[in-house]
Amino acid sequence: MDAEFINTYLLLVTLTSLLANAIISIYGLFFKPHYTKKVIALTILSDTMNTFAIYLGYRTWVNGVNPRPPVLTSTPTEKSISEFTARAVDPLPQALVLTAVVIGLAVTLFLVFLGYILYTHYKTLDMREIKKLKG
Amino acid sequence: MDLALNLLGLLTPVLIIHAFAIPIAKIVGSRKLQYALALSASLFGVLSTTMVLDKVYREGPIIYLYGGWPPHFGIVYEVDSLNALIGLLTAWIMLAIVVYSYWYRHHLDDPTWYYTLLIGLETGIIGCLYTGDAFNLFVMIEVLSISAYGLVAYHRDRAEAIEAAAKYALIGAVATTFYFTAVVLLYAGYGSVNMGVLAYATRPWLLFSSPLARVPDTLKYLSLLSIALSLWVFTYKSALFPNHFWLPDAHPEAPTPVSAALSGLVVNVGVYATARFLYTIFGENSALGEYRSIVMFALFLLGVVSGFIGALMMMKQDDIKRLLAYSTISHMGIAYMGISAGFLTGNDTAVKYAVAGGVIHVVAHSIAKSMLFMASGVFIDAAGSRNLDDIKGVGRHYPLASASMILGFLSLAGFIPLIGFYSKRYIAQGYLNAGSALVPVLLIAISALSLPGYLKVVSAVLFSTGGKQTGLIKEKWIEYLLFGMTLSLIALGVVFQYTWSIYESASNALVNGYNVYLERTLENIPPDLKGFIYNELIRAYAGVKP
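These protein sequence lines are chains A and B, in that order. FYI, in our numbering the residues of the first sequence are 1 to 135. FYI, in our numbering the residues of the second sequence are 1 to 546.
One chain only, chain A, in its complex shape:
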């Protein structure tokens, strides 16, 4: 088996598992009654979407040229830049993901804290019962 086939195969596996992950986490978000499980499903969903962004910026193996991280280590010359653009993966999705991860951290922290206060009020985190108490 050549490297290119393995590369394509692995990317396909990644894409399939991302899709499966997204479906499972959406199911968990809307059909699991427990608040904590919903928050966990949300973090799975946002991690899936972040990985999806990285995946879109990834560069597959072309004619044996393997992708590189988008970092220039030496003083740039014309030759090194053209080699860099031919091999480096797209850095922009990674920057977007970095922002999204930080924001996701803040939102998750807020949701977990909200869950704590919810528990002190209702003594449960089962959303079905919390709906009943509202009346």
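Because the hints were derived from the structure by calculation, they are not lab data. We put the CB at the ideal spot given by N, CA and C, even for glycine. Just to be clear, a hint being listed does not mean it is correct.
[Said to hold, decoys possible] DSS-like cross-link-like pairs, simulated, lysine-lysine; straight-line CA separation at most 30 Å:
1. B:K167 with A:K32
2. B:K530 with A:K79
3. B:K167 with A:K131
4. B:K167 with A:K37
5. A:K131 with B:K316
6. A:K123 with B:K167
7. B:K530 with B:K55
[Claimed, not checked] Between beta-carbon pairs, the in silico distance windows are:
8. B:L33 with A:F30: 44 to 54 Å
9. A:Y9 with B:I27: 57 to 67 Å
10. B:V305 with A:P69: 43 to 53 Å
11. B:W500 with A:T124: 54 to 64 Å
12. B:G67 with A:A86: 22 to 32 Å
13. B:L212 with A:F113: 54 to 64 Å
For this one, chain A is given, so just place chain B on it according to the hints.
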């Protein structure tokens, strides 16, 4: 040196610095200092947005490059007559809300975080409105959302408030995650996240200067997918029908000034972003193709449904704030009916009038609804309860607040000469121009169905007795603020003939304004980089012969 342009760039950083200076002011231990910081932030917002609006109306769209990076490489703020108008509205109403919060201070046990979140909310709204970058829109939606979630949960000793915030925040976080995916998809398809560059990239006939340029199917479906994902968060923020479930819980449970901000300002962001995506980025003959009309028509139908649902649900509410929250759903439906007129392709006059009606409706609804929430706060304070049975007759002691409330309801219902009449008139005129008599009938039906709800509040507050008055409010100056906002409703209606050009140019910015918008973006890109970006953009159409 251009003052208005610099103020545009300074606005959100200065607001967020104010927001985070408020907790530091706690160390000094002065509540007055905290209040002064919040007031100065909102005054700065009013000053900047007014100057930006003035410049935009004199010179056309303006663009601020953060860090001097040209568009496509850096974040830009781009303001045309549409977002300048809504930005101005936001800043002025936020000023009123900050003043009202001072009156409301006896309910706020620790105002430090309240003001931090409130100014954070203003930053988020203004950032969402002014930004010219689809990814920055995501960041600003998160700034807005986190502040809004925190403010809904502000009364944390109330179980209902926490529950409403949890419901709102959980689904809201999912919606913003999907918007992130939509932006990534846009980037994967077109190679840019800048709105002006995207507006250029999605129009193949502009890119290849040939009307025959075709869009590859994959690109069309990718655009459709990303529009579908992003519309979810926009309709969620503006509580359009299937996504309205959180609003009747979250808006009433928040502190009253926050209810005014959420119902009056936050919902506009969704309407604005929808319009920006469906007119400027994916306009007529864009890569979205025939799906644009379908999406617009779906939005129109959802607008009609939420107009009716809001109006009908209003009748059976006993809680004054909950009733007003359902009225917000109904009016957002009407605004969407106006904004989504783009499916009437080929009839530019009709689209222009209906979209102008939608924009006027956003303005009219924001002022009236935030004022009504503030007025309801006065009555709730006097009666000590939100239940309409307890509020009976309370309004008799507050003539100015009651008069404001009646006029606010009249404006919402669409009575002449208040501004609310003109918004519905122009939406109806637009659809009549396209030969549809059904839409004006629907509009009248929605207005008629919401009348019993309004009358219920008016009759309870003014025309009945037997409420449980717990004590008179000492600080009656707040009534002048309410009445001032009401006067602006009347004034905007009376001078409508002379201000029509403002709304018209806001509507034109959407319907025909994409070329000015993208030209302003492209002329800020240095000539030696233009070729590079052009090659990047046409890669999306690889394999298509122009």
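Evaluation of the provided hints:
no. : hint                           : verdict
1   : B:K167 with A:K32              : 14 Å, holds
2   : B:K530 with A:K79              : 23 Å, holds
3   : B:K167 with A:K131             : 10 Å, holds
4   : B:K167 with A:K37              : 14 Å, holds
5   : A:K131 with B:K316             : 20 Å, holds
6   : A:K123 with B:K167             : 17 Å, holds
7   : B:K530 with B:K55              : 27 Å, holds
8   : B:L33 with A:F30: 44 to 54 Å   : 46 Å, holds
9   : A:Y9 with B:I27: 57 to 67 Å    : 59 Å, holds
10  : B:V305 with A:P69: 43 to 53 Å  : 50 Å, holds
11  : B:W500 with A:T124: 54 to 64 Å : 56 Å, holds
12  : B:G67 with A:A86: 22 to 32 Å   : 29 Å, holds
13  : B:L212 with A:F113: 54 to 64 Å : 57 Å, holds
Consistency note: the structure conflicts with none of the earlier hints.
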